[in-house]
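In order, the protein sequences belong to chains A and B.
The first sequence finishes on residue 265 if you use full-length UniProt numbering, and the numbering steps up by one all the way, no holes.
The second sequence finishes on residue 457 if you use full-length UniProt numbering, and the numbering steps up by one all the way, no holes.
Don't read these hints as lab results, they were simulated from the structure.
C-beta atoms are modelled at their ideal positions from N, C-alpha and C, and glycine is treated no differently.
Computed cross-link-like contacts, SDA-like style, restricted to lysine to any residue with a CA-CA straight-line distance of at most 20 Å:
(1) A:152 <-> A:111
(2) B:451 <-> A:111
(3) A:106 <-> B:337
(4) A:152 <-> A:163
(5) A:106 <-> B:338
(6) A:106 <-> B:341
(7) B:451 <-> A:156
(8) B:73 <-> B:92
(9) B:423 <-> B:185
(10) B:96 <-> B:79
(11) B:451 <-> A:113
(12) B:190 <-> B:221
(13) B:451 <-> A:160
(14) A:99 <-> B:352
(15) B:423 <-> B:203
(16) B:267 <-> B:333
(17) A:99 <-> B:351
(18) B:111 <-> B:69
(19) A:106 <-> B:333
(20) B:73 <-> B:100
(21) B:451 <-> A:157
(22) B:393 <-> B:305
(23) B:423 <-> B:221
(24) A:106 <-> B:334
(25) B:451 <-> A:161
(26) A:106 <-> B:339
(27) A:99 <-> B:341
Stretch by stretch, here's where chain B covers chain A in the computed footprint (C-beta under 8 Å, at least three residues):
(28) 65-73
(29) 100-107
(30) 110-124
(31) 165-175
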Amino acid sequence: MYDAPKLERNVDDRTIKFSARNVHVFYGETEAIKGVDVDILDNTVTAFIGPSGCGKSTFLRCLNRMNDTIDICRVTGDIRLDGHDIYDRSVDPVQLRAKVGMVFQKPNPFPKSIYDNVAYGPRIHGLARTRADLDAIVEQSLRRAALWDEAKDRLDQPGTGLSGGQQQRLCIARAVATSPEVLLMDEPCSALDPIATAQVEELIDELRQDYSVVIVTHSMQQAARVSQKTAFFHLGHLVEFGDTGQIFTNPHDERTESYITGRIG
Amino acid sequence: MTTAAFLCLFALAIIGYVWNRQAATAIRRDGARLHSLVGFHGAFSLLMVLVPVLVVILLWLVLQGHVIDSILKSGIAARLEGLGTGEVQLIIAEIKSIAGGTIFGTPEDWKLAAADRYLALNVRSGQLMLVVVTALALGLMLFSRRKVAADFRARHGVEHIISGLMIFCSVVAIFVTIGIVASLMFETGKFFAKVPVTEFLFGTNWEPQIPLREDQVAAEGAFGWLPVMLGTLVITVIALVVAVPVGLMSAIYLNEFAPRRFRAVAKPFLEILAGVPTVVYGFFAILVVAPAMRGFGQSIGLDVSPNIALAAGSVMGIMLIPFISSFADDALSAVPQSLRDGALGLGATRAEMMTSVLFPAAIPGIVGGILLAVSRAIGETMIVVMAAGLIAKMTINPLDSVTTVTVQIVTLLIGDTSFDNPKTLAAFALGMMLFLVTLIINVFALRIVRKYREAYD
Ligand SMILES: Nc1ncnc2c1ncn2[C@@H]1O[C@H](COP(=O)(O)OP(=O)(O)OP(=O)(O)O)[C@@H](O)[C@H]1O
Ligand SMILES: [Mg+2]
Numbered sequence: 001m002y003d004a005p006k007l008e009r010n011v012d013d014r015t016i017k018f019s020a021r022n023v024h025v026f027y028g029e030t031e032a033i034k035g036v037d038v039d040i041l042d043n044t045v046t047a048f049i050g051p052s053g054c055g056k057s058t059f060l061r062c063l064n065r066m067n068d069t070i071d072i073c074r075v076t077g078d079i080r081l082d083g084h085d086i087y088d089r090s091v092d093p094v095q096l097r098a099k100v101g102m103v104f105q106k107p108n109p110f111p112k113s114i115y116d117n118v119a120y121g122p123r124i125h126g127l128a129r130t131r132a133d134l135d136a137i138v139e140q141s142l143r144r145a146a147l148w149d150e151a152k153d154r155l156d157q158p159g160t161g162l163s164g165g166q167q168q169r170l171c172i173a174r175a176v177a178t179s180p181e182v183l184l185m186d187e188p189c190s191a192l193d194p195i196a197t198a199q200v201e202e203l204i205d206e207l208r209q210d211y212s213v214v215i216v217t218h219s220m221q222q223a224a225r226v227s228q229k230t231a232f233f234h235l236g237h238l239v240e241f242g243d244t245g246q247i248f249t250n251p252h253d254e255r256t257e258s259y260i261t262g263r264i265g
Numbered sequence: 001m002t003t004a005a006f007l008c009l010f011a012l013a014i015i016g017y018v019w020n021r022q023a024a025t026a027i028r029r030d031g032a033r034l035h036s037l038v039g040f041h042g043a044f045s046l047l048m049v050l051v052p053v054l055v056v057i058l059l060w061l062v063l064q065g066h067v068i069d070s071i072l073k074s075g076i077a078a079r080l081e082g083l084g085t086g087e088v089q090l091i092i093a094e095i096k097s098i099a100g101g102t103i104f105g106t107p108e109d110w111k112l113a114a115a116d117r118y119l120a121l122n123v124r125s126g127q128l129m130l131v132v133v134t135a136l137a138l139g140l141m142l143f144s145r146r147k148v149a150a151d152f153r154a155r156h157g158v159e160h161i162i163s164g165l166m167i168f169c170s171v172v173a174i175f176v177t178i179g180i181v182a183s184l185m186f187e188t189g190k191f192f193a194k195v196p197v198t199e200f201l202f203g204t205n206w207e208p209q210i211p212l213r214e215d216q217v218a219a220e221g222a223f224g225w226l227p228v229m230l231g232t233l234v235i236t237v238i239a240l241v242v243a244v245p246v247g248l249m250s251a252i253y254l255n256e257f258a259p260r261r262f263r264a265v266a267k268p269f270l271e272i273l274a275g276v277p278t279v280v281y282g283f284f285a286i287l288v289v290a291p292a293m294r295g296f297g298q299s300i301g302l303d304v305s306p307n308i309a310l311a312a313g314s315v316m317g318i319m320l321i322p323f324i325s326s327f328a329d330d331a332l333s334a335v336p337q338s339l340r341d342g343a344l345g346l347g348a349t350r351a352e353m354m355t356s357v358l359f360p361a362a363i364p365g366i367v368g369g370i371l372l373a374v375s376r377a378i379g380e381t382m383i384v385v386m387a388a389g390l391i392a393k394m395t396i397n398p399l400d401s402v403t404t405v406t407v408q409i410v411t412l413l414i415g416d417t418s419f420d421n422p423k424t425l426a427a428f429a430l431g432m433m434l435f436l437v438t439l440i441i442n443v444f445a446l447r448i449v450r451k452y453r454e455a456y457d
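So that you can see chain A by itself, here it is in the shape it has in the complex (with noise of 0.2 Å):
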């Protein structure tokens, strides 16, 4: 029914990148995550599914705390990487970000060029000591996101000027070049044709050797192909939450179930 998974799914013996306890989150009076608990392992790609409107955004933006920028955003529960409170008054939400980086649901390059667009990171975190280093890290970055021959010439032109795939690439490279040990991906193939998507995909894959990655994605068949571990989000709960292989071909939960086999959505 599905494509089969690339790699194998027996992941439990890696060690938690993140754990959430509890999470809640509120916009204002209404809650958007009621009481969500979820490991994410290292080395592995986590995708998160759910209809519409379930919150996983919202939860993903909990993750590097980029629901700090929202006023009216409140957290509580208990999120540790690596066993320390994300949320703790001494943690730096810049150096967090650092190392969590994230890829936008809608694409937003900074009016800048594409080189400066992917060397946005390296540069604010001095990643690259001469202009070669700075050079290799973008061309790189590029590589991996599928951009490269397409961008190779126009580097110095505006990143607003790609078209709307090819600045969702860009986003991509943009994150990666910073070398994040976390990378949480807000349905970054929801604007790319299938060849570009089969290249982000291959991208996902290769980064799960170094770093862990949370894909958001409404493609059952992408959570399938890429994905280690899934979990089903609906009305601001977490639903279910396993292997990848368990979830798509034996859920517990009907909900689960339906949502899989296109019910609700």
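Knowing the structure of chain A, use the given hints to seat chain B with the ligands on it.
Relative to chain A, chain B with the ligands alone:
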């Protein structure tokens, strides 16, 4: 009579509306499909009557004075034979005041007769206008009524008339600008016929006192605009040194850092600042700021003049703060949240996010605001008239007293003036230069805004 003409016009326009509407409704009731809604048929008649007749009434009112005057003059041409224009004007004015009922002494009989004729002419003109207006309005109303038919495109007609009105309104601004510039240029030309252009442009001496009467003893007068312009620049620079940092910082704070509640309080205060009349800023400058600065300066042993440029400039700067901060505020809040998120999500600090993403994206709006503030500072009059000096000096010392272009224009035109000597004409030349300087700055501002526009979307 004028009131009657207006009433008549409005009544006919409304009747035309109702009549056309009913006619169109009747056609529809007979089963035909109308091209336009009945309301458009009515509106067509309304506009067809209203617009042309209003134009006629306005033209009539503008022109009738001249026509009546010339008829009056031709009636008493024999009496006016050989008199100068001034005397003729005096006689006409006297006749009009007699007609108005104010009689001084015992006027000659022919003047009384002329006054009667003047009154009669006015009444005749009013009656004629009423007749013309009524006839024209009726004619247009009948014309519109005859147009009503199933396939008559009343909506297109109405749209044409309305778009014509809109074109007219937008053209008004253009013509007014052209007219102002033309009159400035005309007077400036007369000035340069009396004072050489080079002396005006490169002279460093501004002493526009010249003898008004033959027997008056006064200096020859010197018309070099440089010291005056320098004064304007000194005050403008001081104003910007105050306004730009304060305005920008407050905009950044309010936009990026301020808690909602503080913003809710601070914004209205900035708007109040923008609403203070400049005269009040003037008081503030002479009564509070200047004495304070002088006292402070003297206490540390500086030589401070009473009309200190720093006082006028810094108060003008306060006036400009809301200007700059509201422009910068708009520009900053127009930058999409997703761009900020992008930078923050890569681990940028707020400061890095601002300097590397927010400012480059918002800079056109910010620069546009600053340049508009410059134009305002250069053209500002009230504060400097009250708080800056009158004597033009080639100095850039902010503790000295300087004068500005606008102050000089005001002083040149105050009092007993006639518009044929270099002293008064100099005001137009200064005005022209002011216009040119502000124009150049505005063009510059527009180009910057255009160049960077759509940097993000
Ligand atoms: N900035 C915000 N302010 C108020 N409510 C919000 C905000 N962002 C999200 N929400 C609400 O939180 C809930 C979850 O939104 P979220 O964006 O996490 O959904 P999602 O699962 O990512 O949906 P999609 O698949 O459509 O992206 C929604 O009901 C939404 O209305
Ligand atoms: Mg989402």
